[in-house]
Amino acid sequence: MRHFDLTPLYRQTVGFDRLFNMLDQASGFETSQSYPPYNIERTGENAYRVTLAVAGFSRDELSVETKENTLSIKGSKEQPQSAEGRDVLHQGIAARAFERRFQLADHVVVTGASLVNGLLHVDLVREIPEAQKPRRIEIGVNAPAATIVESKAA
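Residues 1 to 154 in the working numbering are what the sequence shown lists, from first letter to last.
Check the hints yourself; a few may be wrong.
Label pairs and their in silico Cβ distance ranges [claimed, not checked]:
1) G92 to E65: 27 to 33 angstroms
2) T70 to V141: 47 to 53 angstroms
3) E127 to T51: 19 to 25 angstroms
4) A47 to I93: 31 to 37 angstroms
5) R49 to E130: 21 to 27 angstroms
6) V141 to T111: 41 to 47 angstroms
7) S72 to I93: 30 to 36 angstroms
Calculated cross-link-like contacts (lysine to aspartate or glutamate; reagent style DMTMM-like; alpha-carbon spacing at most 20 angstroms) [to be verified]:
8) K74 to E61
9) K67 to E45
10) K77 to D60
11) K133 to E45
12) K67 to D123
13) K74 to D123
14) K67 to E78
15) K77 to E61
16) K74 to D60
17) K67 to E127
18) K67 to E99
19) K133 to E99
20) K77 to E99
21) K74 to E99
Just so you know, the hints here were simulated from the structure itself, not pulled from any lab data.
Even for Gly, the Cβ is constructed at its ideal location relative to N, Cα and C.
Whole structure, please, built from the sequences with the hints as guidance.
Printed below as a string of structure tokens:
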């Protein structure tokens, strides 16, 4: 039983429904999929890197896409025509198609991707809009006093 009831949190919070839906989906989303292995690193205060081990895949066989806060990485390997007189006795190098999806937080964008020595590196940056950055409000010394516009005796 790996299901958590998040109903009480829905009743006590406003605007977090998307977060709770992601938690619900993540609880059983990636339990059986382990190919290809990957790392998620923090490379700076607002910078991240996702690295997938994609040995044997070329640049043309890989696809990196973002859509609606989801990073999707796909790989499809064309099966080579077996040469006549050639039998594979052991196949330990995986060459199967895959699709990995990562949920991105708001304002996280992909800045680049590179394939080096069988590792696919996808660089991400969180770009917070200027309007949402914290700002300091100065407190004035002489604040205007409240004025009574109209008062009537009872």
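- Has the hinted range 31 to 37 angstroms been met by the Cβ atoms of A47 and I93? holds, 32 angstroms
- Query: Is the straight-line distance between the alpha-carbon of K67 and that of E78 20 angstroms or less?
  - Reply: violated, 26 angstroms
- Would you mind confirming whether the straight-line C-alpha gap from K67 to E127 stays at or under 20 angstroms? holds, 16 angstroms
- Message: A range of 27 to 33 angstroms was offered for this pair. Does it hold for the Cβ distance of G92 and E65?
- Response: With Cβ atoms ~30 angstroms apart, the hint holds.
- Query: Taking only the CA atoms, is the gap from K77 to E99 under or equal to 20 angstroms?
  - Reply: Answer holds: K77 to E99 is near 12 angstroms, not above 20 angstroms.
- Could one say that the CB atoms of T70 and V141 fall in the range 47 to 53 angstroms? Holds, since T70 and V141 (Cβ atoms, about 50 angstroms apart) stay within the stated range.
- Taking 20 angstroms as the top limit, are the C-alpha atoms of K67 and E45 close enough? Cα-Cα ~24 angstroms, so violated.
- Is K74 within 20 angstroms of E99, Cα to Cα? Judged against 20 angstroms, a Cα distance of about 4 angstroms means the pair holds.
- Query: Does D123 lie within 20 angstroms of K67 when you go C-alpha to C-alpha?
  - Reply: Holds: K67 and D123 sit about 16 angstroms apart, inside 20 angstroms.
- Within 20 angstroms, alpha carbon to alpha carbon, are K77 and D60? holds, 9 angstroms
- Are the Cα atoms of K133 and E99 separated by 20 angstroms or less? Given that 20 angstroms is the threshold and the Cα spacing comes to 34 angstroms, the pair is violated.
- Query: Is K77 close enough to E61, meaning Cα to Cα at most 20 angstroms?
  - Reply: holds, 6 angstroms
When the structure is compared with the earlier hints, violations turn up for hints 7, 9, 14, 19 and for no others.
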